[in-house]
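Please put together the full structure from these sequences, using the hints given.
Protein chains: 2
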Amino acid sequence: MSVQERKERERSDRERLIVATARELAEQQGWDAVTTRRLAERIEYSQPVLYSHFRGKREIIGAVALDGAAEMAAAVRAATAAADGPRTRVTALARAYLGFAERNPAVYDAMFQLDGGLTFANEDTPEPLKDAFAALLESLGEAAGDGVHPGLFTEVFWASLHGLATLTRAGRLPPGDAERRVELLVDRLAVV
Amino acid sequence: MSVQERKERERSDRERLIVATARELAEQQGWDAVTTRRLAERIEYSQPVLYSHFRGKREIIGAVALDGAAEMAAAVRAATAAADGPRTRVTALARAYLGFAERNPAVYDAMFQLDGGLTFANEDTPEPLKDAFAALLESLGEAAGDGVHPGLFTEVFWASLHGLATLTRAGRLPPGDAERRVELLVDRLAVV
DNA sequence: TCGTTTGTCTAGCGGTGCTAGGCTCAAGTC
DNA sequence: GACTTGAGCCTAGCACCGCTAGACAAACGA
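Top line first, the protein sequences correspond to chains A and B. To convert, note that position 145 of the first sequence is 145 in the numbering used here; the numbers rise steadily by one, no gaps. To convert, note that position 41 of the second sequence is 41 in the numbering used here; the numbers rise steadily by one, no gaps.
Because the hints were derived from the structure by calculation, they are not lab data.
Pairs count within a copy or across copies, as identical chains cannot be separated in the list.
Subject to a maximum C-alpha distance of 20 Å in a straight line, what follows is the list of computed DMTMM-like cross-link-like pairs (lysine to aspartate or glutamate):
(1) Lys57 to Glu27
(2) Lys57 to Asp32
(3) Lys7 to Glu44
(4) Lys130 to Asp177
(5) Lys130 to Glu71
(6) Lys57 to Glu44
(7) Lys57 to Asp67
(8) Lys130 to Asp67
(9) Lys57 to Glu15
Put into structure tokens, the structure is as follows:
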């Protein structure tokens, strides 16, 4: 009995190691550098071991995305909890979101740019993703304004943040004015 | 002399064929299916011919992106020209932008999601890209509101549209409420 | 007519994600 | 304690990728 427990523990340890290593490698050298060979070498196992934990590379990306979603939810909640007043809260949320995307570009890609095989916006969406959206909704709902559905407002606000995050990081927007863009967005979108 | 002209003409015909075929293949089966082998087979030349026109696959994606930018600029201008009044114009622009992204997902990816080796937001940005941004600016500038720089406003509005386009298409947002999200965005962001 | 240049192709390199099949060794049985 | 079994892991290899060296044929200019 205890032997089996130990094995299961070791197995889940190794699974966490795979995900953490994939994330680390992606942040260091980009997702293109995360090949199954390199990943296997870093965890000091052979390639096929990866496939005993995950169906394929896509599922590994998905696992990194779920980790990231939980982390982002926590970051957003921490930032908004420290703010007093709805307006300050929305600004703090926007900065926290964009800050997370900037500090963890590979994780952000795993969540929203790459195909991690995850389903979104329906009932079998994984819990961490639903919770990340909930974290946004908690602070943005109060800024939706009269007659506007909080969920819909959160979607629009989120999409705007996502657009800023991706376009800025891809060099599509001049990097200097980032803060002014955030202020303009919050000014206009949020009713507070 | 005329022989050389004919050769140059044939060469640029073939280059257009490559770009058009890449685009077609990408729209039909996604960019993953656009391999140099398949592309070469479709244009009925061998692989190395591609490399006599383009430095590599990335440059082909870039060429598709430039085509797409010109097309999008035209679509946006056509939609806004048909609208009377600033408010109607902004709505028409938003619908035209999102419509283009929805109808040409592969081209949209080439422009904003994939690496086409293009530079953005500086002086050596290719003309079609600058012009596409200019097309947005033409109609959005008047909706910036007092004291807000039209370029900055256009960037924010564009980013929001981009976020809606990508998240919707990737299944990150429920597809049903697309129109309501557009209305909310225009309502809040545009000062008209 | 004879080099020379230009254009294209075949073949292949090092890499990718993924998997079939065999080996090793620990656990369970007599 | 010897034997069988099966889980766990690895080696080797598949088909494909982007890209390129070098051979070859056709068209050109002298």
